[in-house]
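Position chains G, V and B relative to chain X; hints supplied.
As given, the protein sequences belong to chains X, G, V and B, one line each in that order.
The first sequence begins at 1 in my numbering and counts up one residue at a time.
The second sequence begins at 1 in my numbering and counts up one residue at a time.
The third sequence begins at 1 in my numbering and counts up one residue at a time.
The fourth sequence begins at 1 in my numbering and counts up one residue at a time.
Honestly, I wouldn't trust all of these hints.
Identical chains share a label here; the pair holds if one copy fits it or two copies do between them.
[As the list claims (entries may be wrong)] List time: in silico EDC-like cross-link candidates among lysine to aspartate or glutamate, alpha-carbon distance up to 20 Å:
(1) Lys2 / Glu77
(2) Lys51 / Glu17
(3) Lys51 / Asp24
(4) Lys2 / Asp48
(5) Lys51 / Asp127
(6) Lys2 / Asp127
(7) Lys51 / Asp8
(8) Lys2 / Glu137
(9) Lys51 / Asp95
(10) Lys2 / Asp95
In short, the hints are calculated from the structure, not lab data.
Remember, predicted model here, so these are calculated numbers, not experimental data.
Number of protein chains: 4
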Amino acid sequence: MKQVTMLDAADARLLIEFAIGAADMLSVPQNIAVVDASGALLAFHRMDGAKPYTGDFAIAKARTAAGLHAPTERLGEIALPGQRGFGLNTLRSGDVAILGGGVPVTVSGAVAGAIGISSGTVHQDADVANRAVQQFEIQAASAQTIG
Amino acid sequence: MKQVTMLDAADARLLIEFAIGAADMLSVPQNIAVVDASGALLAFHRMDGAKPYTGDFAIAKARTAAGLHAPTERLGEIALPGQRGFGLNTLRSGDVAILGGGVPVTVSGAVAGAIGISSGTVHQDADVANRAVQQFEIQAASAQTIG
Amino acid sequence: MKQVTMLDAADARLLIEFAIGAADMLSVPQNIAVVDASGALLAFHRMDGAKPYTGDFAIAKARTAAGLHAPTERLGEIALPGQRGFGLNTLRSGDVAILGGGVPVTVSGAVAGAIGISSGTVHQDADVANRAVQQFEIQAASAQTIG
Amino acid sequence: MKQVTMLDAADARLLIEFAIGAADMLSVPQNIAVVDASGALLAFHRMDGAKPYTGDFAIAKARTAAGLHAPTERLGEIALPGQRGFGLNTLRSGDVAILGGGVPVTVSGAVAGAIGISSGTVHQDADVANRAVQQFEIQAASAQTIG
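With the rest of the complex left out, here is chain X (with noise of 0.2 Å):
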């Protein structure tokens, strides 16, 4: 048997509202979603003026990250044609995000989930998630410390 350390729901709230903060500073409005360390989709906020139709990226994006414990942006270079990851996001029927965005959030050193982030430049969705997860994991060390 195993334990397996996973993100919950307050968790996700505050990934989302890091998030919210994030986006709000570059007054670019974001699709946000948060994913448990298996993938599966825990919390989603579409910010007033986001795209809809790039919801989907968001949770692409988290899912990726969470799965291959890696940012997104970081495959896209992995899988650029010669590359060893060249392929990569084609599979699971496309759904492999290659595009920055998605970010996964650590915890005592393993990957607990996942936060991605679209509606933007690939650059502002890539800003937006790294702020929320570095706001978030400071705020998790600390606590650690204190409790």
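Positioned in the frame of chain X, the structure of chains G, V and B alone reads:
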């Protein structure tokens, strides 16, 4: 051109809050999905203890209720063998939900979106969905009267 | 080699015009799809007020009627539990429509295409589809007699 | 609540008419799809001689242009290997079109829908789509001024 009224992010948050309240009353953790009038996902919240596997059921229920302007519970009756809607649920790759738990949200006589609930019994899912939508529609109506 | 008789763009326009007329008589806005003998989409028209979500149903109905050379209404009977067509509707990823509203268009004894109607009740959908095809076949027959 | 402006049936007919005109000028029969702001199909017309197989391409192009608020031609540049959007086109089961021929329709500054063209060369498809949308937007603007 035509104008379509759709739920926004604040509406979605309210619906999720009402659904959490109704689920807590039944002591049944639930997956809660809110979609806009076009069926696009607006918000999702998985309560701690809800079954991750059924998250997609909540989204499918919400989408179906918004798309067909009917509670999914009623569709189950229409789709019985021998009824005129028999076979409805296999369309769209089987993503048409005909189990209780999807309820449209009507604003000023038009469907503006829907909620979908999953993880409890079908009866509990439908109960939570109905309560959340009733509470939302009462509040929306009173807001219009005051505003 | 063989020749396959197929509806063309002018036929499709005529079928859509006839379907709009029949839908207007019932005061029910409809999604109208016309496919050729191979099931490929020739024309689609969503009347104002018709449910966008069910657009795919109209296409599936038309495709099924053209492909199986039968009104979809009749398929619902064959696919009942215990009947020999039980399970028919889950084939092709569930895209085989067995609800009323799909009707083949027969020209000189051969299926040249089909129409599919959705958004009303199943009864209304079937009614509109039947009327449009009848009107079309009468016109086609008289054009052949005169021409 | 929010209001979303969407193309209606009359707008779709006009766009198809303009696209037929542009296709006739190039002597290239085309598949023409029009979707609303949510990506739902509003109208489809296959001109005689257009390739039936590519009908779905026209729908995917229109849906992508409406969903991403950008001409699909531009997406092809963003999705080049080494660019930030690399991998975009495999998302949503590969239904994100990044070939020319999908163009959003903007009304009063907001995307109200899109057109998608297929069957010619990609250059011809994009040309027809651009001409149809330009003609439509000019007419819509002058109608607003007069009305």
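Structure-based check of each hint:
no.	hint	result
1	Lys2 / Glu77	neither (33 Å within a copy, 33 Å between copies)
2	Lys51 / Glu17	within (19 Å within a copy, 24 Å between copies)
3	Lys51 / Asp24	within (15 Å within a copy, 32 Å between copies)
4	Lys2 / Asp48	between (41 Å within a copy, 9 Å between copies)
5	Lys51 / Asp127	within (18 Å within a copy, 26 Å between copies)
6	Lys2 / Asp127	neither (34 Å within a copy, 27 Å between copies)
7	Lys51 / Asp8	between (26 Å within a copy, 12 Å between copies)
8	Lys2 / Glu137	between (23 Å within a copy, 16 Å between copies)
9	Lys51 / Asp95	both (18 Å within a copy, 17 Å between copies)
10	Lys2 / Asp95	neither (28 Å within a copy, 27 Å between copies)
Against the hints set out earlier in the document, violations occur for numbers 1, 6, 10.
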